[in-house]
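Trainee: Quick mapping for you: the protein sequence lines, in order, are chains H and L. Taking this note's numbering, the leading residue of the first sequence gets 1, the next gets one more, and so forth. Taking this note's numbering, the leading residue of the second sequence gets 1, the next gets one more, and so forth.
Hints listed in this document are in silico derivations from the structure and should not be mistaken for laboratory results. Please read these numbers as outputs of a predicted model, since none were measured by experiment. We treat Cβ as the ideally placed atom computed from N, Cα and C, and that holds for glycine. Some hints could be false.
[Said to hold, decoys possible] Coverage of chain L stretches by chain H, computed from C-beta distances (three or more under 8 angstroms per stretch; other residues unrestricted): (1) 185 to 191; (2) 212 to 224; (3) 426 to 434.
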Amino acid sequence: MQTQNVPTEELQGIVGEEHVREASAEDAVDGVEPSLVVEPGTIEETSEVMKLANREGLAVSPRGSGTKMGLGNPPKQVDLILSTTRMDKIIEHVPGDQIVRVQAGLRLQDLQENLAESDQMLGVDPPEEGATVGGMVAANSSGPRRLRYGTVRDLIIGIKVVLADGTVAKAGGKVVKNVAGYDLSKLFTGSLGTLGVIAEANFRLHPIRETARTVFLEVDDHAKIADAVQDLTHSSLSQFVLDALEMRWEGDRGVIAALFEGIEPAVEAQSSAATEVLRSHGESRVLGEDDGETFWEHFARRPWTTGDVGLKIGAPPSDLTAVLDSVVGAVERAGIEVRISGHAGTGVTFAGLSGGEDGLVEVVDEVREIRLRRGGSVVVQEAPLTIKERLDAWGSVGDYLGLTQRVKEKFDPEYTMNPGRFLGGI
Amino acid sequence: MDRGQLIETMQEILGPEGVIHQREELRTYECDGLMNYRVIPDLVVLPESAEQVQQIVKTCYDEGIPFVARGSGTGLSGGALPVESGVLIVLTRLRRILEVDIPNGRVVVEPGVINVWVSQEVADEGYYYAPDPASQIVSSIGGNLAENSGGVHCLKYGFTTNHVMGAEIVLPDGSVVHIGGGKSPDVPGYELLGAFVGSEGTLGIATKITLRILRQPEDVRTLLAAFKDTEEAGGAVSGIIGGGIVPAAIEMMDALTIEAVEKQISPGFPEAGAILIVELDGPEAEVEHQFEHVIRVCEENEASAIRVAEDDEERALLWKGRQAAFGAMGSISKDYYVQDGVVPRTELGAVLKKIADLSEEYGLRVANVFHAGDGNLHPLVLYDNDTPGEADKAEELAGEIVFACLEHGGSLTGEHGIGRDKMKYMPKMFTSDDMDVMQLLRCAFDPHRICNPGKIFPTPRLCGERPGPFHMHPVQKAGLAENF
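Please take these sequences and the hints and turn them into a complete structure.
Mentor: What follows is the structure, given as structure tokens:
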């Protein structure tokens, strides 16, 4: 694609002079530098900006706090960063209905603090600090509590979007139960800004639970992790009793942690029951609410930092041993360091690879090859540009790729929304 | 291809027993659970495998023949209403449970499998399938998927869409794709499965469906509480949910419903202006604590009677009264119209009042039975078809009720679907841009609009008429097709 003429003045006319600025190096998306950062204040302004971009053939990358701009492949082109950060209001929160409607640029943290005043919460707890609600929806972010509450797609009940041509459309509504029309809220969840700009989102909420207990067990053999997880999953403490069931593996030791939230007598009973279930695997320890909070703050973090290669592996939960074997085996042969964490209860594993550029790509290929045979996916969520140039972030895609491309063609026929970052060249 | 050739082709695919083409036999399939719309299809086909479904759809695609998929035919919005000169694909013979995977909490089924069979299949292992529409002993998983069925327990556990984890689907061009991760979470790409579930059979046909099963809860407690009127019962609902409890189910019936149910099956309901059935489930310690709270809230809201089910048998009796509600209307009214609307829970009182006013204005009785926890109303408009004009009046009144739901921030439908029935109301809830954008999805799946046409959207959008620079479709470019 050619760098386009960017009509700065026209954009200033739409959003105000102070809300259009020259992009700096920090605004680059995987090395691709945009021309301008535009910050519309309303959905109408967003629509006008998109119409203008559409007319000029500009490539647009929507952005909230920018915590996940490294997801996916490097974009083919970015002319405008469309920042949602000025659209950061709670539109409506009705505690009695346990629903909230928010603008996309609202930070999740700020939303949760506000909801907590009514003893409510949105049941999504991704690790990225400062992330906006819109970014969370677009990237389908999740955290440990997905075991109980599901992911964004299970909690989003309505959406308002602006398409590449400026069309504003909504779907769903503000009631939890609703089957009128197609569920575009789910379609846009995880679409990484390639179908349109997410401007507003509505969610169902849950009550904050009174107290919590964390039960954790240390093991020295990664094969033991899967057994302990299966035992807990199929005890009476399964989904909807357990709030989270997580694992970590670093060096040659691992930890399995279970979170129980609820009223005091219940979490007390559940944590003792969990200790009992885990007894054959070793002596587990129980943490109260405060110690638990500190524990989870560390435990729920992704096992990588900038410069590492971070993989997200999706696999059947019962295949956890094979997942760990494949990663641990591959890195040992390549002489690479690895740290692993995961939502063990739901089959999501994260692996952070570091130390030595040689062999990294081969490790990813090897893990992917095994997943291809056994079912699941391996997505590169973090990698330096030098590695990204040699790897597709998404890996091989199933027989739904053609359908995925047809959906893209209908919503964004010019391929101007975040071009190239998503799978299959989308 | 004329009708004779089509019959022949279908018989080649399915054998003679798999094709119904005699007019009197076709009549069996002229409607689904919504009986005021009837269309006799050109042909009914009964495939027994996914491969046959694929061949049928491919034939329809090649010949430009519209088709409609149907499961058990219990739908209440005309979603499985056949199209004239079209093929009705009945999936009741695809009824195998293909796989039970306890370690991953999954069951893989064919679309014709009956909802309740899934729970029966895994009960001995201590598992169950959570979505439980009232029709669950007859309705099929494929139909549940198409309609995103709810049920009394969806307040806590979610709807069908939260329990379908993957599907093999036959697209309207006859190709097969697999969407959703099935046993694996977070499959990369668009959330196509989430868009497909609840699309009312307009995007393709699911031929294999992976479901999530859950562990049976450790403890279940159910109570019935009687109140003076729906307002006081509504106060109890707010008190329970406001106390941070998410009940497994919370159902309300008004005086007229109670009267009908008593007449029909005599479950021994106390005399009351409104009845609540509340069910809690989960770990014993939690259920016990919360159940006390529920009883206290009912008492605070002047409950005149509280009955606690002491065992499974008593629980079944309480639920029997609720589940009989629709059918029981026959005991107090010759005909009735089942409505389905949603309001925010906090608007329940205002909307019930509006329904009472409308009932008076129209001179027709309206019975109310609903999922109080999620504001999903099922008003039953009672009328007599033999009185000229009364059926039309009943339909008009039912329409006014959903408009009242919309005015109070709700939805046209909570679980029955838009189908054929509520197409005309869609513009009251969505703008034409909203509906056009929804139909972009339709265009991606079914560009020729042959898959269950004439449902959901009052104005079908022509795919490819989108303003903007012209793009030649690859097939067109290759000279294989003209304009489409």
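Trainee: Could you check the structure against the hints above and give me the numbers of any it violates, in ascending order?
Mentor: Going through the list in order, the structure violates no hint and respects every one.
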